[in-house]
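Enquirer: Sequences are here, hints too, so could you generate the full structure?
Number of protein chains: 2
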Amino acid sequence: MSKTQQANKLELVLERELDVPCNLVWKAWTTREHIEPWWCPKPYSAKVVDMNVKPGGAFNMQMFDPEGNKLPPNNGCYLEVVENERLSFTSALLEGFQPAPETDKNSEGCDFPFTAIITFSDLPGGKTKYVARGLHRNEAEMKKHEQMGFQEGWGMCADQLVAYIKENLM
Amino acid sequence: MSKTQQANKLELVLERELDVPCNLVWKAWTTREHIEPWWCPKPYSAKVVDMNVKPGGAFNMQMFDPEGNKLPPNNGCYLEVVENERLSFTSALLEGFQPAPETDKNSEGCDFPFTAIITFSDLPGGKTKYVARGLHRNEAEMKKHEQMGFQEGWGMCADQLVAYIKENLM
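Note that the protein sequences, when read in sequence, are chains U and L.
Take 1390 as the starting number for the first sequence in the numbering used here and just add one per residue.
Take 1390 as the starting number for the second sequence in the numbering used here and just add one per residue.
Hints listed in this document are in silico derivations from the structure and should not be mistaken for laboratory results.
Model, not experiment: these values are computed from the prediction.
A portion of the hints provided could be inaccurate.
A pair counts as met if it fits within one copy or between any two copies, since identical chains are not told apart.
Below, in silico cross-link-like pairs of lysine-lysine (DSSO-like), each with a Cα-Cα straight-line distance of 27 Å or less [as the list claims (entries may be wrong)]:
hint, residue 1, residue 2
1, LYS1398, LYS1518
2, LYS1416, LYS1555
3, LYS1436, LYS1416
4, LYS1443, LYS1416
5, LYS1518, LYS1443
6, LYS1555, LYS1398
7, LYS1459, LYS1516
8, LYS1436, LYS1533
9, LYS1398, LYS1533
10, LYS1431, LYS1532
11, LYS1555, LYS1533
Expert: Below, the structure written as C-alpha cells:
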C-alpha cells in the first residue's frame, strides 16, 4: 500500500463550494476578531487565546459549551500559511513546534493529535472551493472523530463562516 | 512563567562554530548523498529512506548499529526549510503533516516525539555559527535524551559533518 493510500485511510474530508470570495474566507480564518464568531458550531462558542499566523506560531482556541463552561484547551500551532490558498495547523505541536504533551486517554472530548489542512481556491462568480482535511494518527481516532460529527460540525462551521462573511465582510 | 521559559525548560541546545562555510553545511544537511556519511555518530551509520526537503516532506532515516542491525525507524517530516538559514523537522508528524502513531513506552531507544531546529549563519573567514535545538514534550523525555548523550552525539555528528565537508565538498 502506498503512503498516500495509508494517509487517506486516516483522513476525514469536508469539501464545499462557498458563496463568498476566497480572500474573505482567508480573512475570516486568519484574523482574531473574525474567526471567533463562526469557528465553533453554535450554541457552542470559541475565543482566541493566542493566534500568530505563521509557521510555528500559536493557534490556541478556547471553546465553551452552551452554558459557558470551558471545554479542554484546544492548543496547537500553524504549519503552512499560504495567503488565500492553504492554511495548515496541528495539535501535535505547540507554539514554536514544541511537541505537545501526551493526551489524556480517558478524555471524552476531541483530545487527540490532529492536523487540519484547509485549502481555498477561487471559483467563478466570487465563490470559493473550500476543502478541509483532518489527519489522524490511527484509524480508531479517525473513526471517533467521524462519530463525534466531523462532517456535521465542520459543515455547520462552513455555513456559519459564509453567513458571517456576508453579514460583516462584504 | 512565560511560554518561552517553559519551552526552554524542555529544550536541549548544541552551539558550535564550524570551520566550513554555511552553504556547504546546508548542502550536507539537505542532500541525500551528502547526509548519510556524517549524520549518525560512528561506528553507528545511517541511510536515507525518504527525503523530500520541503515543509511536510518526509525525512525518514534508518540507523544501524555497528553490527549492521537496524535500529527502530526514525521517521518524521520537515517543518521549515529556509535555505542556508534554518532547517526544522519533527518526529511528531510524518509525511504530509500526518500525526505520528503513538510511541512505544517500553522502548529503550530515542522513541519519543522530538522537534529539531537547526540554524546556520555565516561567520567571518568562511565559518558557520551552528545551533541545534532539540524540543521535547516533557522534562522526563528531555532528561532521558540528555542522559542518552545528546551533547556528545550531536557534537560527534557536527565534527563528522565538518570533516566530511572538508574532504568532499570543498
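Enquirer: Take the hints in turn and mark each one as holding or not.
Expert: Each hint, compared with the structure:
Proximity of LYS1398 and LYS1518 under a CA criterion of 27 Å is satisfied intra-copy only: 23 Å inside one chain copy versus 43 Å between copies. Within a single copy, LYS1416 and LYS1555 get their C-alpha atoms as close as 13 Å, which meets the 27 Å cut-off; across copies the closest is 49 Å, which misses it. With identical chains, the CA atoms of LYS1436 and LYS1416 are at most 27 Å apart within one copy only, with a shortest distance of 17 Å there and 43 Å across copies. Taking identical chains as interchangeable, the C-alpha atoms of LYS1443 and LYS1416 lie at most 27 Å apart whether they share a chain (14 Å) or sit on different chains (25 Å).
In this assembly of identical chains, LYS1518 and LYS1443 lie within 27 Å of each other by CA distance both inside one copy and across copies; the values are 23 Å within and 25 Å between. Neither within a single protomer nor between protomers do LYS1555 and LYS1398 lie at most 27 Å apart by alpha-carbon distance, with minima of 35 Å and 46 Å respectively. Taking the shortest alpha-carbon separations for LYS1459 and LYS1516, neither the intra-copy value of 35 Å nor the inter-copy value of 52 Å comes in at or below 27 Å. For the identical chains of this complex, LYS1436 and LYS1533 are intra-copy neighbours only, at 25 Å inside a copy versus 37 Å across copies, given an alpha-carbon limit of 27 Å.
Taking identical chains as interchangeable, the C-alpha atoms of LYS1398 and LYS1533 lie at most 27 Å apart only when both belong to the same chain, with a minimum of 14 Å there against 34 Å between chains. Proximity of LYS1431 to LYS1532 under the C-alpha cut-off of 27 Å is restricted to the intra-copy arrangement: shortest distance 23 Å within a copy versus 44 Å between copies. Taking CA atoms no more than 27 Å apart as the test, LYS1555 paired with LYS1533 passes in neither setting, with 33 Å inside one copy and 53 Å between copies.
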